[in-house]
Amino acid sequence: MKSSYLCILACFFGLFVLISCNKDAIPFGSDVLQDEDFVGAFVDSTSVIVDYTTLNDDSIRSSYLTYMIGSASHNDGSQARADFMSRFYFTSFAAPLAECTLDSICFVMYERSQFYGDTNALQTIQIFELQESLSKDICKAYYEDAVLPQNLINTALLLGQKTYKPVFDTSAHFNFKFPQPYAADLFARIQSIYEQPDDDDKLDSIMKRVDSLLIQTFKGLYITSAYQNSAILNVYPQISIYVSKGSTKYQVDLAPTATPYTASSTSDPSLVYLQALSMFHHIHSAQVQSALNTSGVDAYVQGFAGLKTRVNLHGLQSWQDSSVVFNSIKLYVPYVYDSQQNFAPHTLPQLHIFNPEGTKFLTLDSYTYDSTYYIYNLNWVMTYVKNNSFNLDDYSFELVMPNNNVYGNMITIDAIAKQSKLKIIYTK
235 MKSSYLCILA CFFGLFVLIS CNKDAIPFGS DVLQDEDFVG AFVDSTSVIV DYTTLNDDSI
295 RSSYLTYMIG SASHNDGSQA RADFMSRFYF TSFAAPLAEC TLDSICFVMY ERSQFYGDTN
355 ALQTIQIFEL QESLSKDICK AYYEDAVLPQ NLINTALLLG QKTYKPVFDT SAHFNFKFPQ
415 PYAADLFARI QSIYEQPDDD DKLDSIMKRV DSLLIQTFKG LYITSAYQNS AILNVYPQIS
475 IYVSKGSTKY QVDLAPTATP YTASSTSDPS LVYLQALSMF HHIHSAQVQS ALNTSGVDAY
535 VQGFAGLKTR VNLHGLQSWQ DSSVVFNSIK LYVPYVYDSQ QNFAPHTLPQ LHIFNPEGTK
595 FLTLDSYTYD STYYIYNLNW VMTYVKNNSF NLDDYSFELV MPNNNVYGNM ITIDAIAKQS
655 KLKIIYTK
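Numbering (this note's numbering), first residue to last: 235 to 662.
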């Protein structure tokens, strides 16, 4: 009896150790069950017809601050370009500018990482001065509705351009020296509003006053590139002003700020400090254009605010009032990646679900995937819908790239080679 008691204790202890040591590797729930695990259940994968509609992606889904520049091409001929426009602010008051003479002014970009494309190809980078002010409303229009500030782009003054091949070395960064006549004019504008602090206690208030005057006399830069089959890069920009006073040399830097357009601060009600506007432009191939706003078996999902896909589930309503018990409801989305040179799929698409009022109420990650399918578990969705008065056919489903101002993945949904399906396993 005693030995049996000890054996039982040992079994429980062994099970406790197994769970404690490997708890992250033990999944629970219906996600991990295979179809054959539902003994005696019925399987339906044909009553709901799945097709897709490709749409332009009309919002930014990330608060991550990016400064991207460059362009790249996808295998189907689509092209994407990243650029940005920004105000610039003093990073310090390191020099008595009113007493200095100008040596040169340069626009500098330090590379931080590559997103995709061919880094061995040359970029043609263009530098413009903004003639109209970047504002909170302009940022809001782009980040919430993907509306490009076309007027700011069209009126910007071209200062010059320079070809550049990425090196990912801060000692060999992109450096564009402003033409001397322009540099002299800009320096005169800066000198006219500059105030050298003589009291450290007043430094913050003086800096804000000078910055507020600076963005009026110098509205900022628009940095872009020509469409080329090269690479899109993550960079950090600044303007470096080189001056001298007698034999003493100084460097004064201007840089963007990280303060988002959504910030609300009583200390800065006029929003002097406003982050850069990072934008993406797309030229879609004929293949993609033919799929836009049209239901079919192929579709596209693209980051950088490019494309999203509406998933149409025809016949789903017939299951809403069914008396069956749902064991498993899984959406299978067949895909292929764009095999762009140096392309890496950093993230998987999400399935956003909207109720009939157009409000997003659920975001689903692909809980698993193989070389053919992304798979999304819709069990909770069906339970939720069954318990409310909305018609299930009035719900909408969208495949999107999360953090779509960070990742530029191009994914093709190809339901010709492999069938899309909504697989429902149920018991009566």
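Keep in mind that the hints are not guaranteed to be accurate.
Pairs of lysine-lysine, DSSO-like flavour, derived with a Cα cap of 27 Å [as the list claims (entries may be wrong)]:
| no. | residue 1 | residue 2 |
| --- | --- | --- |
| 1 | Lys-453 | Lys-442 |
| 2 | Lys-442 | Lys-399 |
| 3 | Lys-370 | Lys-655 |
| 4 | Lys-399 | Lys-411 |
| 5 | Lys-479 | Lys-374 |
Computed beta-carbon distance windows for the label pairs [stated by the list, open to error]:
| no. | residue 1 | residue 2 | range |
| --- | --- | --- | --- |
| 6 | Asp-310 | Ala-418 | 43 to 49 Å |
| 7 | Ser-367 | Ala-460 | 44 to 50 Å |
| 8 | Ser-478 | Asn-637 | 24 to 30 Å |
| 9 | Ser-439 | Leu-299 | 40 to 46 Å |
| 10 | Asn-637 | Gln-430 | 27 to 33 Å |
Just so you know, these hints were derived from the structure itself, not from any lab.
Positions of the beta carbon are idealized from the N, C-alpha and C atoms, including for glycine.
How the hints compare with the structure:
Our distance criterion of 27 Å between C-alpha atoms is met by Lys-453 and Lys-442, whose separation comes to about 15 Å. Pair hint Lys-442 plus Lys-399 does not hold up; C-alpha atoms about 37 Å apart against a cutoff of 27 Å. In summary, the hint linking Lys-370 to Lys-655 is not supported, as the alpha carbons are separated by about 44 Å, beyond the 27 Å threshold. Annotation: proposed proximity of Lys-399 to Lys-411 holds, straight-line Cα distance about 17 Å (limit 27 Å).
In summary, the hint linking Lys-479 to Lys-374 is not supported, as the alpha carbons are separated by about 43 Å, beyond the 27 Å threshold. At roughly 48 Å, the beta-carbon separation of Asp-310 and Ala-418 lies within the given 43 to 49 Å, and the hint holds. Taking the beta carbon of each, Ser-367 and Ala-460 are about 26 Å apart, not inside 44 to 50 Å as hinted. Distance hint check: the CB atoms of Ser-478 and Asn-637 are about 45 Å apart, inconsistent with the given range 24 to 30 Å.
Distance hint for Ser-439 and Leu-299: a CB-CB separation of about 26 Å, inconsistent with the stated range 40 to 46 Å. For Asn-637 paired with Gln-430, a C-beta distance near 42 Å fails the hint of 27 to 33 Å.
Against the hints set out earlier in the document, violations occur for numbers 2, 3, 5, 7, 8, 9 and 10.
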